[in-house]
Each structure stands twice: as structure tokens, then as C-alpha cells.
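Just so you know, the sequences run in chain order Y and L.
All letters in the first sequence, in the order written, are residues 1 to 474 by full-length UniProt numbering.
All letters in the second sequence, in the order written, are residues 1 to 112 by full-length UniProt numbering.
A portion of the hints provided could be inaccurate.
Unchecked claim - Taking lysine to aspartate or glutamate pairs in the EDC-like style, the calculated list, with each CA pair at most 20 angstroms apart, reads:
(1) Y:K86 to L:D86
(2) Y:K86 to Y:D154
(3) Y:K24 to L:E23
(4) Y:K336 to Y:D372
(5) Y:K336 to Y:D420
(6) Y:K346 to Y:E378
(7) Y:K24 to L:D86
(8) Y:K330 to Y:D303
(9) Y:K462 to Y:D372
It should be emphasised that the hints constitute simulated quantities derived from the structure, not laboratory data.
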Amino acid sequence: MIVLAYCVALSGLIASGLLVYGLKRMSSPVTAVSGIVTAGWGMLFVVAASFLQIFGVSDAARPHIVVNVFLAILALVIGGGWAGWKGRSVAMTAMPQMVALFNGMGGGAAAAVSVIALTGPTDTGIGQLLVTVAGGLIGSMSLSGSLIAWAKLDGRMNRPLRFGGQRIVNAVVFVLTLVLGVLAVAQYHQPGGGLMALLFFAGALLCGICMTLPIGGADMPVVISLYNAFTGLAVGLEGYVMAEPALMIAGMVVGSAGTLLTVMMARGMNRSISNVLFSNFGEVAATAAAGPQKDAKSVSPGDAATTMRYASTVIIVPGYGLAVAQAQGKLYEFVKLLQAAGVDVKFAIHPVAGRMPGHMNVLLAEAGVPYDMIYDMEDINDSFGDTDVALIIGANDVVNPSARTDKSSPIYGMPILNADKARQLFVIKRGMGMGYSAVQNPLFFQDNCAMVFGDAQAVLSKMVETVKGLATSS
Amino acid sequence: MITAMTFVIALYIFMLAAFTGYEVISRVPSILHTPLMSGSNFVHGIVVVGALGALFNASSVLEQVIGFLGVMLGAGNVVGGYVVTDRMLAMFKPSTKPAAPAQGMPVTGARS
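Let the sequences and hints guide you as you build the complete structure.
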């Protein structure tokens with residue numbers, strides 16, 4: 001029996017080592033692929049080894065062990081199979097909501113462990129019970145909050161839900177939940193304790209919903225990243241309750257790494273985390289209606305393509321609109337034609353282009369764009385001044401010069417791409433609509449800027465045709 | 001079973017793990033933020049091990065139901081997190097050919 005216990009414990013040690021090492025390798029593009037494989041082996045190993053526990057279960061559970069093992073295998077197959085199928089089949093543009101969904105599931109699993117620890121027959125000390133309640137609270141909030149985030153990103157819930165006194169209501173719900181948690185611990189294994197625990201978990205789920213409802217879609221990536229850190233923390237706490245050091249280490253590593261990622265994301269959007277959680281963006285924007293009254297110039301896709309074909313340097317600024325139009329492939333086709341004609345083409349990526357930091361890189365990579373053509377904002381911002389053409393596709397706020405100049409603008413201070421410094425600008429856009437922040441963009445009215453109106457896919461197809469036509473006629 | 005010493009050791013583990021997580025992420029290029037969020041999402045899927053332990057030790061129908069749900073959700077976290085991360089990272093490949101050199105006069109555009 002003692003040998004068995006050592007085997008289970010050591011498997012956790014090896015697994016947590018592999019998981020952390022894998023995560024480390026994932027933090028560089030060169031080793032990233034091997035990183036997830038390393039972490040994957042660690043996870044497979046520890047899950048397989050956890051089945052050794054069936055030889056050392058408590059006396060009360062021994063008569064049920066066959067049923068329990070059957071249930072465990074069934075649950076692994078159903079949960080893993082569904083998620084594997086879903087993860088394989090989902091489109092790359094829908095990745096953020098998938099991450100939210102899978103993160104919510106992890107939070108739910110942590111909450112389930114907490115429910116069993118709080119209501120099960122095993123006697124547990126008061127310290128552990130408090131940790132259980134904390135982990136259950138955080139895990140439940142992560143579950144319900146992630147589901148709301150998923151619904152918002154998936155377009156199932158479009159408007160942020162806000163009402164007067166919302167913050168007070170949220171605070172009351174949160175405090176009541178805490179009180180219920182304390183009562184559940186106080187009444188542990190006594191009449192009414194089970195009911196208190198039940199109400200506590202319901203309250204915790206409600207907290208996650210209340211917290212996420214008022215937040216707008218543009219801020220969802222930050223929120224998902226925050227819930228990712230939450231789940232990590234909950235897993236770490238439940239690891240303590242279950243006396244599983246591997247869960248404690250993996251959970252806490254994700255908890256702190258996720259917190260740092262959240263801060264980095266929020267910084268990229270020039271917002272603080274408390275700003276994302278407790279203030280309502282967009283409300284300020286309504287006042288900033290008085291923009292420049294000039295009309296924007298518009299130009300045909302063919303003319304724009306010809307200009308780029310005979311330019312020597314072109315920088316492309318892609319935004320989420322490109323991904324929505326599913327035009328990454330067409331764009332890269334156009335870029336390859338330009339490169340064949342001797343044009344130096346680069347991609348400039350704003351830290352929050354797409355829906356998450358790095359999301360646009362993934363979308364471009366999917367279209368086959370090599371990552372050494374893709375430049376981060378800091379690396380490319382000084383080059384715009386020497387660039388013939390900047391082509392902006394489906395991006396708006398990340399190139400809005402008001403962020404630099406207009407103190408009254410809600411995006412004032414946000415770091416932006418200096419696309420306005422290029423000699424000529426083309427903006428591919430469906431119409432004169434505004435970006436996610438709902439702010440007017442004076443860039444479109446600049447003298448060196450011309451709009452190419454239309455769906456990105458259609459416009460790029462025309463551009464490809466034009467450049468091909470030029471190549472055959474010369 | 002849990003003594004003051006093991007409680008303190010747990011705090012040490014939490015502290016060191018928190019520093020580890022911070023260090024692992026702190027110098028990451030922003031192109032990897034989304035894959036890393038997904039990757040760390042996969043790593044906390046290890047909660048499935050805790051859920052398995054709870055399910056194996058279940059002795060009532062209620063515990064079995066909750067344990068079953070926990071394992072199912074945890075397994076979804078693990079497999080989904082892995083698949084999504086793997087798909088994203090598989091796309092990070094360097095260009096096979098060197099990037100086209102900047103050349104060509106903009107006016108003539110002379111190329112055969």
C-alpha cells in the first residue's frame with residue numbers, strides 16, 4: 001500500500017515538472033509546438049497514474065469502486081471526446097470563445113471537487129473547509145462567468161446588460177454569498193449545512209454572471225484571461241484540500257501566469273483591470289460626436305492595387321474585420337503577388353488586433369503567412385514614415401490618431417500604430433461605421449488617405465485580379 | 001492529518017509556484033499571448049485528477065453524480081485545451097524562403 005501511495009505521489013511530481021517545463025517552452029515561438037506536446041505527456045501520465053488510487057480508496061467507497069471506475073471512464077470519454085471534436089472542428093476565428101468554454105469547464109470541475117469536499121461524509125478540518133469554500137467560490141464564478149463570456153463572444157448575447165445601482169446589487173450578492181459560505185462551514189455535517197452549501201454555490205454562480213453581464217464584448221479577452229487565472233487559483237486551492245501537490249503547483253502557476261497575462265492584455269488596450277471590471281466603456285463616447293465635417297475620399301480597388309504594385313514598401317495593418325470577412329487567404333495571395341513584383345511587404349500587428357493579443361498572428365499564420373513577415377507595434381512603428389503605402393484592412397481604433405492628440409477622446413493614451421505617417425493610406429472598410437470603441441476616426445479624413453469601400457474578401461479579389469493583369473500586360 | 005507544518009509547506013509551494021508562473025510568462029512576445037492563454041488553460045485541466053480522486057472515493061449517489069460531472073468537465077478542459085493550443089501553435093512556422101528583398105523603382109517598376 002505504501003509503495004502505491006509513493007507511485008501516485010511521484011507521478012504528480014513528474015507531471016507537474018513536465019507541465020511547467022512545457023509551459024516554459026510554449027513561451028517562445030521556436031519551441032512552442034514541442035512545449036504543448038511535453039505538457040500533454042505530463043497530463044496523460046498523471047491521469048493514467050491517478051487510476052492507481054482505486055486500490056487505496058476509503059472503506060466506505062470500496063463496495064462502489066467498480067461503478068465508480070466505470071463512471072470515471074465514461075465521464076473521461078464523454079467530456080474528452082466532445083471537447084476534442086469541438087476543438088478540432090471550430091473555426092480559428094472562434095478560438096477565443098472556445099478557450100472561454102474550456103476554461104469554464106475547468107472552473108466547474110474545481111467547483112465539483114469543492115462540493116464533494118463540503119458535503120461528502122469524509123471529516124475535514126476547519127482550515128481545509130475554508131480553503132474549500134474559497135476554491136469553490138472562485139471556481140463557480142469562473143464557470144458561470146466564462147459561460148457568459150462565451151455567449152457574448154459567440155454572438156448569442158450582444159448588448160452588455162446594465163442597470164442603475166448594478167454595482168450595489170453585485171456587491172450585495174457577493175457579500176451574501178460569502179456569508180452563506182461561512183454558514184456552510186459553521187453548519188458542516190449538521191442539519192441545514194447541506195442546504196447552506198447548496199445556496200452558497202448558487203450564489204457563487206450568480207456572482208460570476210453578475211460580474212460579467214455589464215462588460216462589453218471588446219473587453220471579453222481580458223475577462224477570459226482573468227477567469228483563466230481564477231480557474232488556476234481554484235484548482236490550486238482544491239489541490240490543497242485533496243492533498244495533491246501537483247494540482248497546487250499547476251494551479252498556482254496558471255494563477256500567477258494568468259494574472260500577468262491579464263495585466264499585459266489590459267495594458268495593451270490602455271486600460272486597467274479595475275477599469276475593465278467596474279466601469280462602462282462606450283458611455284463616454286457618445287459625447288465625442290463632433291468630428292471633422294469633411295468627406296472621406298474613396299478609390300476603386302483596382303487603383304489602390306496598382307499604386308501598391310508600383311510602390312517599393314507596403315505595410316499592411318490587419319484588424320478583426322479581415323478575419324470576419326475570412327479574407328486572410330486572399331490577402332496573402334495578394335501579398336505574394338506584390339512580393340513577386342519586388343515590393344517589400346510587412347504586416348504590422350497592434351497588440352490587441354483581433355479579439356485577443358496574438359489572435360491576429362494566429363489568423364495570419366492560418367493563412368500561411370510566415371511569422372518573420374509579421375511585426376509587433378514597437379518594432380515597426382518608426383518605419384511608417386519611410387513607407388509608401390499603408391493598407392488598413394478592417395482595423396479602426398488601433399490606427400486612430402485621436403489616441404495621440406485628442407484628450408477628450410475615450411481612447412486617448414492608447415498606444416496606436418502610426419499608419420497616418422505613411423505617404424499614402426488605403427483603408428478597406430465596409431462603410432463609414434465606427435470601431436468597437438464607437439469613436440470617429442479622423443484618419444479617414446486625412447488628405448493622404450483613401451477609402452476602398454466593400455467587403456474585404458471582394459475587394460482583395462479585385463486587387464489580386466488587377467495585379468495579375470498588370471503582370472501579364474507588362 | 002494536516003498539521004501546522006504541512007499547512008506552512010503548502011504556503012511555500014503556493015509562493016514558489018506563483019513566482020514560477022510569473023517568470024515563465026514575463027518575457028513573452030505578444031504573438032504568443034493567445035496560445036499561451038490557451039496553453040495555461042490546458043495546464044489547469046489537471047483538476048481532472050482531483051475530480052477522479054473524488055469520484056473514486058464516492059460512496060453515495062449524490063457524490064457519484066457530482067464526481068461524474070467534475071470528471072467530465074475536467075476531461076473537457078484537458079482535451080479541449082490541448083487540441084486548441086496544438087492547433088494554434090502548429091501554425092507558427094518560419095517562412096521557407098527568405099523574405100523578398102526590398103528593391104524595384106516605384107516609378108518604372110521594371111520587371112520582366
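Comparing the hints with the structure gives:
1. Using a Cα cut-off of 20 angstroms, the hinted pair K86 of chain Y and D86 of chain L holds, with the two alpha carbons roughly 14 angstroms apart.
2. Straight-line distance between C-alpha atoms of K86 of chain Y and D154 of chain Y comes to about 14 angstroms, which keeps the hinted pair within the 20 angstroms bound.
3. For the given pair, K24 of chain Y sits about 9 angstroms from E23 of chain L by alpha-carbon distance, which is consistent with the 20 angstroms threshold.
4. This hinted pair checks out: K336 of chain Y and D372 of chain Y have alpha carbons roughly 14 angstroms apart, not beyond 20 angstroms.
5. The hinted pair formed by K336 of chain Y and D420 of chain Y fails the criterion: a straight-line CA distance of about 24 angstroms is larger than 20 angstroms.
6. Distance hint between K346 of chain Y and E378 of chain Y is fulfilled; the C-alpha atoms sit about 14 angstroms from each other, no more than 20 angstroms.
7. The suggested pairing of K24 of chain Y with D86 of chain L holds, with an alpha-carbon distance near 15 angstroms, which does not exceed 20 angstroms.
8. Annotation: proposed proximity of K330 of chain Y to D303 of chain Y holds, straight-line Cα distance about 18 angstroms (limit 20 angstroms).
9. Between K462 of chain Y and D372 of chain Y the CA atoms are separated by roughly 27 angstroms; this puts the pair beyond 20 angstroms, and the hint is violated.
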